[in-house]
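Go ahead and model the full structure; you've got the sequences and the hints to work with.
Chain by chain, the residues:
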Amino acid sequence: MAVPATVQRETAPTETSSWLNRSLFTTGAIGGLVVVYLVAVGMVESFQSLNVLTDVLSLGRAMIIISFLVVGYLASRRLQRLGHEAEGPRLAGGIVAGAVAGGVSALVLLFVNLIGVEHVRRMFQSFTVNLVDNVLSFGQGVAFGAIAMVVGGAVLGLAGAGLALLPDRLRRATLTGLGTAIVVSLANTFIVAVFRNLESNFGLDIPLGWLYTGTGLAYSGLVVMLAAGFAVSWWRTRTPPEPEATRVEAMSGERSLLGLVRGRPAKVVGWLALLALLVLMPLIVGQFLSQVINTVGIYVLLGLGLNIVVGFAGLLDLGYVAFFAVGAYATAILTSSASFLGGPFNFWVALPLVVLIAVFSGILIGAPVLRLRGDYLAIVTLGFGEIARVFIASIWLQDYLGGAQGILRIPGPPLFGVNLRDPTNLYYIILAFCLIAAFVAWRLKDSRVGRAWAAMREDETVAEAMGISIINYKLLAFAIGAGVGCLGGAFFAIQVGSVFPNSMDLLVSINALSVIVLGGMGSIPGVVLGAFGLVGLPELLREFEEFRLLIYGAVLVALMILKPEGLLPEVRRRRELHERELEEEQYEGRVGEGAEPVLRAEASEDEEKK
Amino acid sequence: MTEQLLVVEGLVKHFGGVRAVDGVDFHADEQEIVSVIGPNGAGKTTLFNVVTGFYQADSGTIEFDKFPLTGLKPNRITALGIARTFQQIRLFPNLTVLENAMVGQHARTRSGPFGAILRPPWTVREEREITERAREVLGFFGDNLLPYEDMMAFELSYADRRRLEIARAMATHPKLLLLDEPTAGMNPVEKHGLVSLIGRLRDERGYTVILIEHDMPVVKNVSDRVVALDHGQEIAQGTYDEVSNNEQVIEAYLGKKKAVESA
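Chains X and C, in that order, are what the protein sequence lines are. Counted the way our numbering counts, the first sequence spans residues 792 to 1401. Counted the way our numbering counts, the second sequence spans residues 196 to 458.
No wet-lab data here; the hints were simulated from the structure.
Facing chain X, according to a computed beta carbon distance under 10 Å, are these residues of chain C, among others:
#1 Thr247
#2 Asn270
#3 Arg271
#4 Thr273
#5 Arg285
#6 Phe287
#7 Asn289
#8 Leu290
#9 Gln300
#10 Thr318
#11 Ile325
#12 Ala348
#13 Ala364
Here are a few chain C residues that sit away from chain X, every Cβ distance over 10 Å (derived from the structure):
#14 His209
#15 Asp217
#16 Asp224
#17 Gln226
#18 Asp253
#19 Ser254
#20 Gly255
#21 Thr256
#22 Arg330
#23 Leu392
#24 Gly394
#25 Gln432
#26 Asp436
Computed from a prediction, not measured in an experiment: that's the story for all the values here. Cβ atoms here follow ideal geometry from the backbone N, Cα and C, with glycine treated the same way.
Listed below in structure tokens is the structure:
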């Protein structure tokens, strides 16, 4: 593994230090504070009602348990980095850190009890008698609770440390199993709903009694899910990955007949399954989730459009909501009977006009910012987004755009008498346009136009020296980006049936940008995944009530730390962000071969190639 | 052969009070290799930047192939047939080696967004030609670039980055190639390779080459003609021997007199 190797280089000389060092206490204390935080914001008590394993383990307690496990794991890893490879000290370190974490939590528990819960409550509303006496002390008195914290912390710390000692593959499989079980237990309302839809729409009556009892997993369900997660992970990691070899083979164009036969069927089956899933989606997930998926689809359209501007051409546009607004309002004005035009067109006639208007508005907004780069461009476009909203809300244009009252009565697209307002039907239209938009983006990316954008993104000055007209290609990016993004606005107008100025706020721009950052800048599948994560996930987190956005924020932060390149990054982005690691590896390789590392580095590398 | 390809007359460019280029007369004949020398700040790179349209001249004329370049944008000038490299290597670091060479052909190709989306046969053909020609210019550098065509440009070694920059400039199908310190940071072996490469650029490709160079052995070996600039003005021109023995040139280089003679 590359990372520990580089870290060891820095820290290896401290091998004489004892395993019982300050890092264990720091890790433990931080872990303890995390537990205290989870308790103090009320998550632990609120989540008592959500069961991981019915009647045995609530999500509230599970969060504390996971925290202690993580403390033990991190402590053990830390010791390893400090040069303690032996199992004994690493396990003991886990116990110490876990006990410290438990101790910190226990101290806070005792302290709260000492002051009196009713006094603490004045400042920290989440501390209740139930929380202190039952949830944390198991109804056995606070002293018991405190001891249980310390002992439990130590035991779980040991378990976490043991996890760190497992071989990579085994550990990954174990964690996947645990993760699967927890996710399945929490998603029970959705899974039950999906199976109910399967029963009513397809006549598939699959009993779920073995999986869930009450609001959590049954024992049998737990075992099956643990095993399933473990098995899948174990199977996926079965052979050591050889990306280099396969890539070279694929690129050299040597496609043997055997390779064709071997490679294709799995792929074909996969695509067919995906297609079937996409077609049957509304029937499987039902009315409410179809609505959610339609919203996801709207953000896929916005993301794909913005991806052309930001991801391909490198123009950071923070006012993308302007094009969303153009799409929504143009659709409203052209189709609604409540608009000043009186709704002269139906949706299908209006759509090309909407796209044309959006393309024109893209050029209009693009033209004044042609000379701006980077941060300045971002600030000016941010302003344009706000201008669009203020413009729409203005009294001056109230007769045409409806002012604060917006425009109501936007009809659905007519299609052979089918009611397309229904989310389960509108889904298909949105899906079709998402596919078209993705196709357009994909084709553009790998073309002369796409290369010109990429060159412009990398170095505007040099791109110009290569014969690329910066003006034309910037305007083109804005125009196409607007043309794709306005579709999102158009479907938003249809889905809601009305448009208001306050739907057109900054948050739309931020969400659209977050979608492509989360998915991986410039990556088309990334946009889809990013939209699901960013727009779909909050809906799935509804069960967590007021903690929804807290968890959501934590997930986003964690994701950006662990995978800064996004969920499904482009190859080049991934390489760019891991450039330093690559260089470090090369550097170490050269040192290993005994070349003079710094001065002759370039020359020696050059000679190696020859 | 003696047709004048680039003619610069009375060129002036100043930044505030600094006259970076101060009335330079300069020309390059077809298929000629001209070295521009001069101490730091003599206005060499500014001259390049004005010729390629990055800076607008304050006065004076530039004619390329009898066509005035004044007021044209860099992309138009590239389309007319002038390509350049940069003093600090400026590749597109996160494009592959092949893509860098493909971008170079932008000015020589046509297809737009509709072609890209619908992929009619002529776009497919053009795309194939772009790839072929990109491979062809990479192939000009033997085994230095072609085997690494799928690597990101930033992954290349320093000397190969310099080579790729030249390859990218070649891909624009220029008549005139401006190289800004092509041997900077290279070791003697690589410099030697570059001298023969510049010769090949002229002999095999028919390019006219103007290079800015500090390394006197390179200048001596490669140039048909040497132009010396100082304080934005031409102080000498002629063969290497003539220029290197010119009083004014030696004075301009002052402490470097010895280096010039020993070369």
